[in-house]
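> Given the coordinates of chain A, assemble chain B onto it according to the supplied hints.
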Amino acid sequence: MSRVSVPCHVKGTVALQVGDVRTSQGRPGVLVIDVTFPSVAPFELQEIMFKNYYTAFLTIRVRQHTSTHTPAKWVTCLRDYCLMPDPHSEEGAQEYVSLFKHQMLCDMARVLELRLILRQPSPLWLSFTVEELQIYQQGPKSPSMTFPKWLSHPVPCEQPVPLLEGLPDPSRVSSEVQQMWALTEMIRASHTSTRIGRFDVDGCYDLNLLSYT
Amino acid sequence: MLQEESDLSLIIAQIVQKLKGSNLYAQLERQAWDSLQRPEIKLESLKEDIKEFFKISGWEKKLQNAVYSELSVFPLPSHPAAPPEHLKEPLVYMRKAQGSWEKRILKSLNSMCTELSIPLARKRPVGEQKELLNKWNEMGTDEPDLSLFRPVYAPKDFLEVLINLRNPNYESGDSLSFRTHLGLIQVPLKVKDIPELKEFFVELSLTTGQLGIDDSTQVPPELFENEHVRIGQKVLAEQDSAAAQQYIRQGSPTALRAELWALILNISSQPEDILYYEQLKTNVIQHDLLVDSLIYKDVKLTASNDDYYFVFEDYLYQVLLCFSRDTSVLSHFAYNSASPPKSYIRGKLGLEEYAVFYPPNGVIPFHGFSMYVAPLCFLYHEPSKLYQIFREMYVRFFFRLHSISSHPSGIVSLCLLFETLLQTYLPQLFYHLREIGAQPLRISFKWMVRAFSGYLATDQLLLLWDRILGYNSLEILAVLAAAVFAFRAVNLMEVTSLAAAEAVLADLSTLKVMPLLQIFLFATVT
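Protein sequences, first through last, are from chains A and B. When the letters of the first sequence are read in order and numbered with our numbering, they come out as residues 1 to 213. When the letters of the second sequence are read in order and numbered with our numbering, they come out as residues 1001 to 1526.
Chain A on its own, in the form it takes in the complex:
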């Protein structure tokens, strides 16, 4: 299924913390990232993709466009999705993650704004966030081809010609030929990627020093 990237504006992360951020000792364990789509009309969200950086749990809230005059409300579409099974260890800490429409709790038909709520309960990490955030919507469906009329509206079958003696059944022959054609197409499409095994260049392996780049 094709998908199209939606240009989004990711606002700076806001830390949620009790008390004054400057004076208190601990680091915030909850961050909020707002994602707006200034130049795009309300769209249907297909996929959210990002690279994790030490976030343990993710909650996503979405504000959708409503046709009536009621103001759009925030709805939670993903609750406490676990990115790191053990928040104190490195497992899952820098993985690439994709979240799809079917994993969401609500319909994502007319998305106006997204709010990502990141949680990292472990005090071991200095910072946490998500990077390379990308939002995708459904791509255009493949253009419908116009079939020639005789293909889409076949004429009704004529009376089959009576089989001549000694000739094979035409429908059986055609199915066999179809199968063989399919096999030859498969062979043509395949190619190998084996190495040849030569380590020298035209028989010469006279080297400089090892390079550091």
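In short, the hints are calculated from the structure, not lab data. One or more of the hints may lead you astray.
Below, in silico cross-link-like pairs of lysine to aspartate or glutamate (EDC-like), each with a Cα-Cα straight-line distance of 20 Å or less [said to hold, decoys possible]:
| hint | chain 1 | residue 1 | chain 2 | residue 2 |
| --- | --- | --- | --- | --- |
| 1 | B | LYS1055 | B | GLU1199 |
| 2 | B | LYS1042 | A | ASP169 |
| 3 | B | LYS1096 | A | GLU185 |
| 4 | B | LYS1055 | B | GLU1085 |
Here are the computed distance ranges between Cβ atoms for each label pair [said to hold, decoys possible]:
| hint | chain 1 | residue 1 | chain 2 | residue 2 | range |
| --- | --- | --- | --- | --- | --- |
| 5 | A | SER5 | B | GLY1437 | 53 to 63 Å |
| 6 | A | SER5 | B | ILE1519 | 51 to 61 Å |
| 7 | A | PRO38 | B | GLU1005 | 27 to 37 Å |
| 8 | A | HIS69 | B | SER1009 | 43 to 53 Å |
| 9 | A | PRO121 | B | ASP1157 | 35 to 45 Å |
All C-beta atoms in this analysis are idealised placements derived from N, C-alpha and C, irrespective of residue type, glycine included.
Quick look at chain B alone, frame taken from chain A:
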């Protein structure tokens, strides 16, 4: 559901692509062509009939083994947006650390090259080629002057790098707090604890028969050993890799071990493989590499001095010199955090068409590298088969023991697992050793890097390596290291210096591996 289906088809596509270039594919094609002569293959149901023929003639089993082998070796396909270096190693700081370690090794090799004025590679003159060909089976008798060569690095240099490994996002204040690790490794990787290890190694439990315990002379063979051997023979007759891997978790009978390992690693000696080995031998004869001298030095320093392995000295040269020329090893760098060193043909610096890897297989041997091959010489006597087994063991397991990665079987995780097990279950011992300046990892690191080769008696080592193959993981090395400390805990509590602690743990040749593991995992009171 959608996601799992697309993941599965991605895995299938990847495996098919890999197998297309293999010998097996050509053989299956040939078999399919030949089978067209058979009367039961009909044209209209060609696909089904050939599939049925493969099933009956055992070729489907070979294909199954090949697919199983691919699944065991290659990591699952990652996220489509992940770049290739993410597949090698997902954590950025570990990639950087591996990069700087490699740079150090390259600098060391380059300086050795310039100091000794020896080229990295040179073509042998014809006379020298003839001489080497004649001496191929007795290269051990050669006594070249290797006094100026030194190993590029030793395990203890690598340990220092691992000790200094830090995650920049990790809170590690100057003062000791709950965040500081008490051991030497300071990165918070996820390691298994004993309940998880008990589940993972469930076939080693007290109620399951083991070779290494239940085949000792006091135990009548009817209780376990005879039946186990019978099942082993059946597994070999079926030629099923997955069944062999499950079977070998309880140990392999000595008579069946060579074949079982070959089955699990999916090695079958075809004429093409013997030809490939001969080709590598020709490459050795034609070109002389600086790395060859490092290999010679390593074999002379380690295996030749070992009571068990000195007889195999010639085999070791035949395997390791060919290994350095084998470009098929380069494919394992897709999932190894390390990268092969690069160089350019003389006079063509910077031109990509003249860029080559050095050595051709991309692996620079370190002090003790030859000990990975030595135990295999007990099992395989035919050089090309010995070579294939070693190469497969290297690209599946041994490479993880000397590269910096976050993989659960990587050396960093093994060190952390060892230290965590020791701290959790022998806290007094750990504290005592730490107080006297004898951090336990300093002693056990060399055991784990060499997979205990050269430290245990050979029969015990082979029983240990049975389990590495059976569980497709190196974690058992860390568990054994902790079990050895637990076994000698009483003596260790009385030592007062690192040297004395080393002396207590210097000789492991009398240890029996399986009872130690069983007691540590399943019989220690927690």
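> State for each hint whether it applies.
Here is how each hint holds up against the structure:
{"no.": "1", "hint": "B/LYS1055 x B/GLU1199", "result": "violated, 35 Å"}
{"no.": "2", "hint": "B/LYS1042 x A/ASP169", "result": "holds, 16 Å"}
{"no.": "3", "hint": "B/LYS1096 x A/GLU185", "result": "violated, 46 Å"}
{"no.": "4", "hint": "B/LYS1055 x B/GLU1085", "result": "violated, 39 Å"}
{"no.": "5", "hint": "A/SER5 x B/GLY1437: 53 to 63 Å", "result": "holds, 57 Å"}
{"no.": "6", "hint": "A/SER5 x B/ILE1519: 51 to 61 Å", "result": "holds, 58 Å"}
{"no.": "7", "hint": "A/PRO38 x B/GLU1005: 27 to 37 Å", "result": "holds, 36 Å"}
{"no.": "8", "hint": "A/HIS69 x B/SER1009: 43 to 53 Å", "result": "holds, 46 Å"}
{"no.": "9", "hint": "A/PRO121 x B/ASP1157: 35 to 45 Å", "result": "holds, 38 Å"}
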